[in-house]
Every structure is written in structure tokens, then in C-alpha cells.
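With chain P fixed as given, assemble chain L onto it according to the hints.
The listed protein sequences correspond, in order, to chains P and L.
Straight run, no breaks: the first sequence in UniProt numbering ends on number 272.
Straight run, no breaks: the second sequence in UniProt numbering ends on number 272.
Hints are computed from structural coordinates only; laboratory data are not their basis.
Small disclaimer: the values here were computed from a predicted structure and weren't measured.
Hints should not be assumed to be uniformly reliable.
In this list, chains with the same sequence are indistinguishable; a pair is considered to hold if it fits within one copy or across any two.
Below are the DSSO-like pairs computed for lysine-lysine, each with C-alpha atoms no more than 30 Å apart in a straight line [said to hold, decoys possible]: (1) Lys-182 with Lys-86; (2) Lys-71 with Lys-182; (3) Lys-182 with Lys-199; (4) Lys-221 with Lys-95; (5) Lys-95 with Lys-252; (6) Lys-38 with Lys-3; (7) Lys-165 with Lys-221; (8) Lys-241 with Lys-165; (9) Lys-71 with Lys-3; (10) Lys-165 with Lys-208; (11) Lys-191 with Lys-38; (12) Lys-191 with Lys-54; (13) Lys-3 with Lys-242; (14) Lys-38 with Lys-80; (15) Lys-86 with Lys-165; (16) Lys-165 with Lys-182; (17) Lys-221 with Lys-38; (18) Lys-73 with Lys-3; (19) Lys-165 with Lys-252.
Protein chains: 2
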Amino acid sequence: MNKFSRNQRITAITKTLIENPNKVINLNTFTNMFNAAKSTISEDVVIIRETLDKLSMGSIETISGAAGGIKYKYGISDEKVEEFAKNLCIILQDKQRIVPGEFLYISDIMFNPEIISTAAVILASQFKDLEVDYVVTVETKGIPLAYEVAKKLGVKLVIVRRDNKVTEGPTVSINYVSGSTKRIQTMSLSKRSICKESKCIFIDDFMKAGGTALGIINLLKEFESELIGIGVLIDDINTSKKLVNNYVSIIKFGGIDENNNPIVYPEKIRKK
Amino acid sequence: MNKFSRNQRITAITKTLIENPNKVINLNTFTNMFNAAKSTISEDVVIIRETLDKLSMGSIETISGAAGGIKYKYGISDEKVEEFAKNLCIILQDKQRIVPGEFLYISDIMFNPEIISTAAVILASQFKDLEVDYVVTVETKGIPLAYEVAKKLGVKLVIVRRDNKVTEGPTVSINYVSGSTKRIQTMSLSKRSICKESKCIFIDDFMKAGGTALGIINLLKEFESELIGIGVLIDDINTSKKLVNNYVSIIKFGGIDENNNPIVYPEKIRKK
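Next up, chain P with everything else stripped away, as it sits in the complex:
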């Protein structure tokens, strides 16, 4: 069996933890991988933990007991959150982004892995102390962000569809009223996608009045499940009355100014 130096073990342990956020990894995984004693691995973990802590790159928790081990939780410093939100505002302020109807073109942002993975760290760290079973989103634009949040929380993603698909098996559909356009819309979800009595958070790209979020709350009731958190990348503050109260966002959108520029500014997210 190959022997590994401390430096080598630290490389492999760090990689494994970063790629499996919020999952309990038993130390035996590493004692087997490196043919090393548990005490040796524990010392490696102490070094990794201290470094991540020092650089505000997340934290490592120790879970004791038979099913115990270590668990990496994503984290990000206040400065990094602020820097990210400021840079994103500069990208969003481009008047080329305005499409007829005072909408902002944001697909390139929502589908850019570099932006979305940082946004997901910021949103996931808001919910990391909750016991979340699923991250829920509605197709289509919010899917990459919701996927990344689910991954960083170590849970599964559930995608609510706009219509019934033959490949979904039996589904539950509900109608809801869009808060901004007042139009009746339908959302549907495969019956087998969520276990009863689950706790979910809803992640989306953009919130206007919150009609979709309210729809999700009602849809989850059909699954005897509960929505315990809402996170969006951009919150439209021009909508006078929001249909939901507790939600977090990263950017505020205030419409278009007299010079035809989008009004955007960073939301100050309270660190948890």
C-alpha cells in the first residue's frame, strides 16, 4: 500500500470535503484511503479546519457517535458577499439588458456557473442551520441556482413544471394567480418527487409580487410539506405589495430610471 505524506492527505481530504458539502463523511473513508491512523487523519482535519476558518472559506463540523464524522459547510466572508453583489450590479446596470416591458435580460447571468456558484454559496449560507429536505424551484431560469443551493446544502432538488409531462407519472397540479400580472397559471409536480412531511426552501431567479412563491407554499401543502425559506437572486422592489414576507435576496431591482438605466443595488444580507 502506498504511503501518503500529510501534504498529500490534506490535498485529497480537502477535495473530498469541498465536493461533498453538508454530508457527513466518516473518518474511516480517509483511514482506508491513506492506510493511516484515525488520530493522524484527525490532525489533518484540524489543519484544514483552521485554514478554512482563517480565510473565511467555510467550516468543518465534527459529528460524534457511530454515524459520525466530519461535515464541510460552505461559508463566505461579508466582504466577499459585498464585492460579489457590487460587481453583479455593474453587470446588471447595462441598459442593453432592458427588453420591452421593462424586463431585464438576465439569462446569461443565471446560466453562468462562475456567478451562480457564488450566489448559491451566499443563499445556502442563509439556510445552513435549518433542517432542509429539498430545494424547490419552478422551471426554467432559476434551475441552475436552485441546483447549486441544493448541492451546497447536501440535499435534493425538486423542479416544479409548468405543464404535465408524460415521463413524470401521476402529478399534482394547482392553479395560482401571478401577483404582478394577475393571470391564472398552473404548476404541477410529480407525486413521487417529495416525501410527506418534508421541509423545503424555494429558490428562484427573480421575485416580483411573490405569486409563484405563494403557489409553491400551496403546492407543498398538497404534499403535506412545508416551505421554511425563500431565496432569490433579484428582488423587484417596485411591486408595492408582496404576497410573502420572509425571503432573502442578493440584489434589489428598482425599475428603469429617467436615463433608461436599470436601477440595481446590493441587498445587505444579514450574515448567519
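Here is chain L on its own, set in the frame of chain P:
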């Protein structure tokens, strides 16, 4: 300024590389982060590279010149690919997955970050030596997989829509014929989502006859762009005539057997 030990530097460098696959990272990033000499960082990188290599966890390339630096490329061992495909087949063989019309319910798999991130490593490593500009997919089920492949290749994701959305600005739409159902369908893409003369790969969850892939080839022609690769998680081998030739898949689906069980087996992916 804080001093960092080699162990600490290795922790932070590993994390940064893993989170930014296929992106050139200048060594100055690390000399600044740790207040260390370039030669010191180079020695750290040698240790990380050797470890990743030894454990088949990917590779680190050095890019010389003014814009140079180091670049992490995802990699996975043949044994891990085989193990992953075998385990996925066991999950897929469950007869509960069959929905009317001989379809397989796979949404839970396509939306499971643990499964999708490994599948994406396998697919991304097939295309890692191509110069890819975008990963393209069609909504909805393939989005998380396509997003992960894009992230691992360090490029942007493009999502083709089934209909026009008001938030997309001007779009280009084409009609295409589904290869299996022979129905005419529409796909549309925002004009601003792809630069001219781009090279793209198409990632999807499931391939029947390949009508969608053919549609993507034609849609990309409207953007004066080219499809240079196709990767799917599951390939339906019951479709006698495929409309596209070169594609990679991880699992083969051969329909339902006489005992009402799905026929699935691993595709042997040629390692690049």
C-alpha cells in the same frame, strides 16, 4: 500579514482549484493570498498535482506566458466510472420507475446533485481536450447535468426554450421533427445568448432517435455556430435509426423485459 504553513497553503490552493475547473489561475493569486514567493507556491502545486494524479482525481496543467498560470482539469478513473454506471443501473432497474408508454421516471436522478456531479465529471472528461465555448441543453430535465458539465469545462451554459419568453428579447426559433414521435416541435433561443462562430456541445438526459440533437445542430447554424459534441446520460437503444452519429452516453436503455423490468446496462465509455 499572516504567515501560512505549507499544509495551510495546500488546503486553500486545492479548494480554489477544485472550485474553478478549467480556468487559468495566475500564481500571483496565491503569492498575494499567502504573501509567499512564487517558487514556494510552485512547490505546493507540485505536491497537489502528484496527489491528484496518484488518486486519479484529475490533473493540473501549467500554462506558460504572461497570461499563464495553473489550470485544474477534472478526471476520474475507469474503475470509478464503471462503479458509478453499475450503481446507477441498479437504481434504474426498479420496476416502479416505469410509467405508462414505456417511459422511465428519472427526474429524481436528474435532480440529485450527488449523481449529477459525478455523471458530469464523466461526460466533461470526454470533451476536455476540445475548445468548447458553450454547453447547450434544451429545457428542462437535462439542465442540472448540462450546468455541471459547463461548470467543469469552465464555460457558460445556454438553455434552449420550448417557447418564447418576454424576458429573452429577440429570439430565433426553428421547427424540428421529433425522431421518435414524428411530431413537429419548436425550439427558440435568445439572439444574444451565443456569439457567432462558437463551438458548442449538447448535453441532455435521454436520447431516443436524436431529433432534438439534430434540431440543436440546425438552430446553431442560425447562430453561425457549430455543434462539436453530444453527451447524454441515457441512450435508448430501442430506436432503430439514430439521426446523429457521434455521441457519448453513460447508460444504455433497452426497453422493458417480459418480467416488466427496465433493461439497463453501462455503456463502456472510452477514456480520453
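So, going through the hints one by one against the coordinates:
1. Lys-182 with Lys-86: Cα proximity of Lys-182 and Lys-86: none, with 33 Å in one copy and 49 Å across.
2. Lys-71 with Lys-182: Neither: 44 Å inside a copy, 50 Å across copies.
3. Lys-182 with Lys-199: Classified as within: same-chain Cα gap 28 Å, cross-chain 42 Å, threshold 30 Å.
4. Lys-221 with Lys-95: Only across copies: Lys-221 and Lys-95 sit 28 Å apart there, 41 Å inside one copy, limit 30 Å.
5. Lys-95 with Lys-252: within (16 Å within a copy, 47 Å between copies)
6. Lys-38 with Lys-3: both (15 Å within a copy, 28 Å between copies)
7. Lys-165 with Lys-221: both (21 Å within a copy, 29 Å between copies)
8. Lys-241 with Lys-165: between (34 Å within a copy, 24 Å between copies)
9. Lys-71 with Lys-3: Cα proximity of Lys-71 and Lys-3: in one copy and across copies (25 Å, 26 Å).
10. Lys-165 with Lys-208: Classified as both; 27 Å inside a copy, 16 Å across copies.
11. Lys-191 with Lys-38: Neither: 44 Å inside a chain and 56 Å across chains, both beyond 30 Å.
12. Lys-191 with Lys-54: Result: close neither inside a copy nor across copies, 45 Å intra and 45 Å inter.
13. Lys-3 with Lys-242: Neither way: Lys-3 and Lys-242 sit 60 Å apart in one copy and 49 Å across, limit 30 Å.
14. Lys-38 with Lys-80: between (35 Å within a copy, 25 Å between copies)
15. Lys-86 with Lys-165: For Lys-86 and Lys-165, the Cα distance is within 30 Å only across copies (28 Å; inside one copy 40 Å).
16. Lys-165 with Lys-182: both (25 Å within a copy, 17 Å between copies)
17. Lys-221 with Lys-38: Neither. Shortest intra-copy (46 Å) and inter-copy (57 Å) distances fail the 30 Å Cα cut-off.
18. Lys-73 with Lys-3: The answer is both: 29 Å in one copy and 25 Å across copies each meet 30 Å.
19. Lys-165 with Lys-252: Intra 34 Å, inter 22 Å, cutoff 30 Å: inter-copy only.
When held up to the earlier numbered hints, the structure conflicts with 1, 2, 11, 12, 13, 17 and fits the remainder.
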